[in-house]
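Read top to bottom, the protein sequences are chains A and B.
Letter 74 of the first sequence, counting from 1, is numbered 74 in this note's numbering, and no numbers are missing.
Position in the second sequence (from 1) plus 269 gives the number in this note's numbering.
Worth flagging that the hints you see were computed from the coordinates, not collected in a lab.
Keep in mind it's a predicted model, so treat the numbers as computed, not measured.
Treat the hints with caution; some may be incorrect.
Rough simulated footprint, nothing fancy, chain A against chain B, three-plus residues with beta-carbon under 8 Å [unchecked claim]: (1) 318-324; (2) 349-362; (3) 367-379.
Derived lysine-lysine pairs resembling DSS-like cross-links, with alpha carbons at most 30 Å apart [as the list claims (entries may be wrong)]: (4) A:Lys69 to A:Lys94; (5) A:Lys116 to A:Lys104; (6) A:Lys143 to B:Lys288; (7) A:Lys92 to B:Lys296; (8) A:Lys127 to B:Lys318; (9) B:Lys318 to A:Lys169; (10) B:Lys318 to A:Lys116; (11) A:Lys127 to B:Lys297; (12) A:Lys117 to B:Lys297; (13) B:Lys288 to A:Lys6; (14) A:Lys169 to B:Lys288; (15) B:Lys329 to A:Lys143; (16) A:Lys142 to B:Lys288; (17) A:Lys142 to A:Lys22; (18) B:Lys329 to A:Lys127; (19) B:Lys297 to A:Lys169; (20) B:Lys288 to A:Lys116.
Using N, Cα and C, we set each Cβ at its ideal position, and we do this for glycine too.
Single-letter residue listing:
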Amino acid sequence: MKCELKVHEFETYKAYYCGLCKALKHEYTLIASSLVSYDCAFLYLLADSLGSETNIPEPCACLLHPLEKRLQIVTDAAQYPAAVNVLLAYYKMKDDVEDGQKFKAAAAPFLRPAFKKASSLYPETAKAVSMMQRALSGIQEKKSGNVDEPSGAFGVMLGKIFERLDADKWEDLYGLGYNLGRWLYIIDAADDLIKDEKSGNYNVFLNKYGESGSPEIGKEAEFNLYFSLARAAEAYGRLPVRKNKEILDNIFYLGLKQKTQFVLKGEIC
Amino acid sequence: MNPYSVLGVSENASEEDIKRAYRTLVKKFHPDRYAGDPNAAAAATEKLKQINQAYDMLIKMRQTGQDYSQTYTAGSDIARVRAAVARGDLAAAEMLLDAIRDQSAEWHYLKGIVLLRRGWYEGARQHLEAAYQMNPGNPEYRQAWEVVNQTGGAYRNFFSGQNRALNYTLCASCAACSLFSCCCRYF
Numbered sequence: 001m002k003c004e005l006k007v008h009e010f011e012t013y014k015a016y017y018c019g020l021c022k023a024l025k026h027e028y029t030l031i032a033s034s035l036v037s038y039d040c041a042f043l044y045l046l047a048d049s050l051g052s053e054t055n056i057p058e059p060c061a062c063l064l065h066p067l068e069k070r071l072q073i074v075t076d077a078a079q080y081p082a083a084v085n086v087l088l089a090y091y092k093m094k095d096d097v098e099d100g101q102k103f104k105a106a107a108a109p110f111l112r113p114a115f116k117k118a119s120s121l122y123p124e125t126a127k128a129v130s131m132m133q134r135a136l137s138g139i140q141e142k143k144s145g146n147v148d149e150p151s152g153a154f155g156v157m158l159g160k161i162f163e164r165l166d167a168d169k170w171e172d173l174y175g176l177g178y179n180l181g182r183w184l185y186i187i188d189a190a191d192d193l194i195k196d197e198k199s200g201n202y203n204v205f206l207n208k209y210g211e212s213g214s215p216e217i218g219k220e221a222e223f224n225l226y227f228s229l230a231r232a233a234e235a236y237g238r239l240p241v242r243k244n245k246e247i248l249d250n251i252f253y254l255g256l257k258q259k260t261q262f263v264l265k266g267e268i269c
Numbered sequence: 270m271n272p273y274s275v276l277g278v279s280e281n282a283s284e285e286d287i288k289r290a291y292r293t294l295v296k297k298f299h300p301d302r303y304a305g306d307p308n309a310a311a312a313a314t315e316k317l318k319q320i321n322q323a324y325d326m327l328i329k330m331r332q333t334g335q336d337y338s339q340t341y342t343a344g345s346d347i348a349r350v351r352a353a354v355a356r357g358d359l360a361a362a363e364m365l366l367d368a369i370r371d372q373s374a375e376w377h378y379l380k381g382i383v384l385l386r387r388g389w390y391e392g393a394r395q396h397l398e399a400a401y402q403m404n405p406g407n408p409e410y411r412q413a414w415e416v417v418n419q420t421g422g423a424y425r426n427f428f429s430g431q432n433r434a435l436n437y438t439l440c441a442s443c444a445a446c447s448l449f450s451c452c453c454r455y456f
């Protein structure tokens, strides 16, 4: 995503990232730097861009980057993305532990209280995340080779996360989240083909086509990735973006497209 | 059951208001949103039933039964699927489709449209391709097939070079087509 952003735009993106990190520290007393996800930073960037409050990036004193001059944007719009970040991180941890990475359980004592707080603040979102997790493990168990099933389940979750950003625009936000979620699921599946083939992990394309070398995989992935992005971009175009329009335009019309091209060509972005 | 409170509209709501409220509600209670939680899914199905009853009652009251019987209850199974898609109840349309044995070109076309609006694009592509191949002379099938194939490409070309104005949408390219005109909505 960052490849297509201009330097000052990427600085702004990072300032949202650091603002989110700050919110996680403040709201959940998490030493969060290892938990902050770029996806949730994006959610924060979008959430703040739909609001009309002006914000001024302030210097960020970060223990991890003591020599770098970094900026952070701290607004109330960070509350919800921070909670989403906690919810996703918690389920990711549970998932990793179940997949045999037992050492990941070390984070549980820190994450569990944060998870409880985030769930009580946003019970519907917590439910959406846990429902998606359950739906995905069912799909995985029956070894589905239908790309619509897992990517759709992931899309519904992200749709439900996004739709809360603005009650008046919930349909477009849902559409944006749904299609972005579909894209994310499929781009990861396409990116992990060879890894999953070696490890024997579930991969929807391997279940359908048997081996990572099948040329059909590229075709199916290409259609679904670009179609999902087209729908996401359409929904984005209908949103009342009040700031950061250039950054968001670049992400939706260039960055995601470029990432797709790279993954389809098997290169690393 | 008070149909007005089920749909959340006032007693002097226009037919358009009722339709809009109905479309929003069937989207909110689509089963896909409750996958992974059987209790919530069952509650949503029950709710959908109520919403449909309420909608039927109010539309019947407003249209004095005439148009209603033509577009909804009468006709073949396939006609009922079309009516369900047109009013936005994709869950009902899909249930009707799954109960039909004869998979004609029209069946594939409607299945493709339902999947498209549900956000299941791979399945949509397969069924719309099947409909087009079974009956390439049908303009509706051809148009659907073209839109499915061109949308990704339109996105890829958009915003590259000088063309930085947003001038493509799926909706614009399919406005002529009766069922397609609302395909931009998500269930």
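Going down the list of hints, with the structure as the test:
| no. | hint | result |
| --- | --- | --- |
| 1 | 318-324 | violated (count 0) |
| 2 | 349-362 | violated (count 0) |
| 3 | 367-379 | violated (count 0) |
| 4 | A:Lys69 to A:Lys94 | violated (35 Å) |
| 5 | A:Lys116 to A:Lys104 | holds (19 Å) |
| 6 | A:Lys143 to B:Lys288 | violated (40 Å) |
| 7 | A:Lys92 to B:Lys296 | holds (29 Å) |
| 8 | A:Lys127 to B:Lys318 | holds (24 Å) |
| 9 | B:Lys318 to A:Lys169 | holds (26 Å) |
| 10 | B:Lys318 to A:Lys116 | violated (35 Å) |
| 11 | A:Lys127 to B:Lys297 | holds (15 Å) |
| 12 | A:Lys117 to B:Lys297 | holds (26 Å) |
| 13 | B:Lys288 to A:Lys6 | violated (45 Å) |
| 14 | A:Lys169 to B:Lys288 | holds (18 Å) |
| 15 | B:Lys329 to A:Lys143 | violated (46 Å) |
| 16 | A:Lys142 to B:Lys288 | violated (39 Å) |
| 17 | A:Lys142 to A:Lys22 | violated (41 Å) |
| 18 | B:Lys329 to A:Lys127 | violated (37 Å) |
| 19 | B:Lys297 to A:Lys169 | holds (14 Å) |
| 20 | B:Lys288 to A:Lys116 | violated (40 Å) |
Checked against the numbered hints above, the structure violates hints 1, 2, 3, 4, 6, 10, 13, 15, 16, 17, 18, 20; every other hint is satisfied.
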